[in-house]
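Novice: These protein sequence lines are chains Y and U, in that order. Going by my numbering, the first sequence opens with residue 1, and the numbers climb by one from there. Going by my numbering, the second sequence opens with residue 1, and the numbers climb by one from there.
Quick caveat, the hints were computed from the structure, so don't treat them as lab data. The C-beta atom is built at its ideal place from N, Cα and C for all residues, glycine as well. Errors might be hidden in some of the hints.
Some, not all, of what chain U presents toward chain Y, calculated at C-beta under 8 Å [claimed, not checked]: (1) D28; (2) E30; (3) E47; (4) T63; (5) P80.
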Amino acid sequence: MTPGASDDEDDEARADLSGEIRLPATLDSSGELPARAEIAIVGGGVMGLSIAYHLAHNDLTDVVVLERGYLAEGASGRNGGGVRQQWSTELTIRLMQDSVELCRRFAVDLGVNVWFRQGGYLFLARSAKEVARLEKNIALQNRCGVPTKMLEPRAAQEIVPELDLTGIVGASYNSTDGILFPWPFLWGYARQAAAYGVRIFTQTPVTALAREPGGGYTLDTPRGRIHARRVIDACGAWSPKLAEMIGVTIPTWPIRHEICSSEPLKPFLRPMVSELASGLYCSQSMRGEIVGGVTIPGHGSTYAMGSTLGFLATYARRLVKLMPVLGDIKILRQWAGPYDQSADGNPIVGAVPDHPDFFLACGFVGHGFMMAPIVGKLYGEWLTGGAPHEIFERYNLARFASGASAAHEQEDFNIG
Amino acid sequence: MARKIVLCRCEDVTLADLEHCVSRGYRDIEEVKRYTGFGTGPCQGKECLAPMATQLARLTGKTPAQIPPFTSRPPLAPTPIKLLANAPEAHRFEDDPT
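All chains should be built: construct the whole structure from the sequences, respecting the hints.
Specialist: Now the structure itself:
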């Protein structure tokens, strides 16, 4: 037997035993839209697919997901894959602790390897003010059980020897934060949701949404009309556009963020590295690429997803300043995606006032990917008869209404 | 035979990989790119996009005109970070030298 033939047989055996669940035929955009569904989820990003999976996992399978493009076309396929518990509000910290646990179990629960790697997150401070901000957050994180530590610059360099410590005055480090590969994460949710009976339609934009007098909503698409008793708006930065079809105003706006990827390198960089001063972040993916971005102030509210030399130059300048050795590696590609920016930096979830059957999962300010596992799980429990988690009360749309308490909690750690 | 036909040299994507991908329901060329990794290496699709699209058209019963190319991404060629770091277009933060 030739080595080649042997390889082939091994490949066949792996394919047969993979247990991979075929995506439904409707994903090739030719299937019929059902006339009715209990729940229609608009948006086939990670948030919509996580909710769909968790609803079905709790035996509510009469669910349809409507995605206007292909899976992962929006921000879910454009982010850096970071999953962290270093946040500034107790609720978000606790939610992210649960999300990290769900990421750890993802390969077992969903049958897809998402290359989740807990290499930690290292935030670097260049001023006493930034150190104070990190220390305040670390105290809260520690109270929640997240083992974040404040490090002297030298200790940070022990974790990342390539760091140039000039100007660095301190760092926060949590070893249980991590990164994952975003695309298979969506496919894992999609495949398992489909296996439970959820119908997922790509290339199916919702062109009109209307409330029916007798209850429920009609959603029009180029593929036909569907009636759903309940609707979930999981359109990311495009969420306000769906809601405005029924006269609901969501106070979020899109902010374009750019990101880029390098040629692949031998693994050397364990944690995600980020500096507060510029919002620079970079990590090494399991493919070996350095994936990262930087926050350029003043990007206006736009859905434009073009790329700029200004971004690449800014990222390169800050990256070389922080890790001079990376100057010799090459950038292969850059792209952009929209953050769904909310006024207080916190998500907007739960039912809408006067629309008890219209639910939101938006306003995640560039961090919806890491929140999706737990938010989907909580939605799945609540909408199948469980008690609502406090997130649906604390982070609902009503908090922005005039007359509501103006002093709602601000998230100050939307970095990167 | 299909597993010996390489369509994307940078990422080692074979015709068999593409057939598997299509059989799993990933038929949009953007999904095929993400599922197989084709076009994400040093050539960024310059060599592999045409043969991949041709085979994808054959496997999905489409005409080549029905398969637009995936979104091309800058830079045009792999570019060293230190070269970019000196570009005058960079935004300057408070702690950057003027």
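Novice: Holds or violated: is the Cβ of P80/U closer than 8 Å to a Cβ in chain Y?
Specialist: Status holds, d = 5 Å.
Novice: Should the interface hint for E30/U be scored as holding, given a Cβ-Cβ cut-off of 8 Å against chain Y?
Specialist: 5 Å, holds
Novice: Taking 8 Å as the limit, does the beta-carbon of E47/U come near enough to a beta-carbon in chain Y?
Specialist: 14 Å, violated
Novice: Tell me if the interface restraint on D28/U is satisfied: Cβ within less than 8 Å of some Cβ in chain Y.
Specialist: 4 Å, holds
Novice: Hint T63/U vs chain Y: min CB-CB distance below 8 Å?
Specialist: 16 Å, violated
Hint compliance for this structure: hints 3, 4 are not met, and every other hint is.
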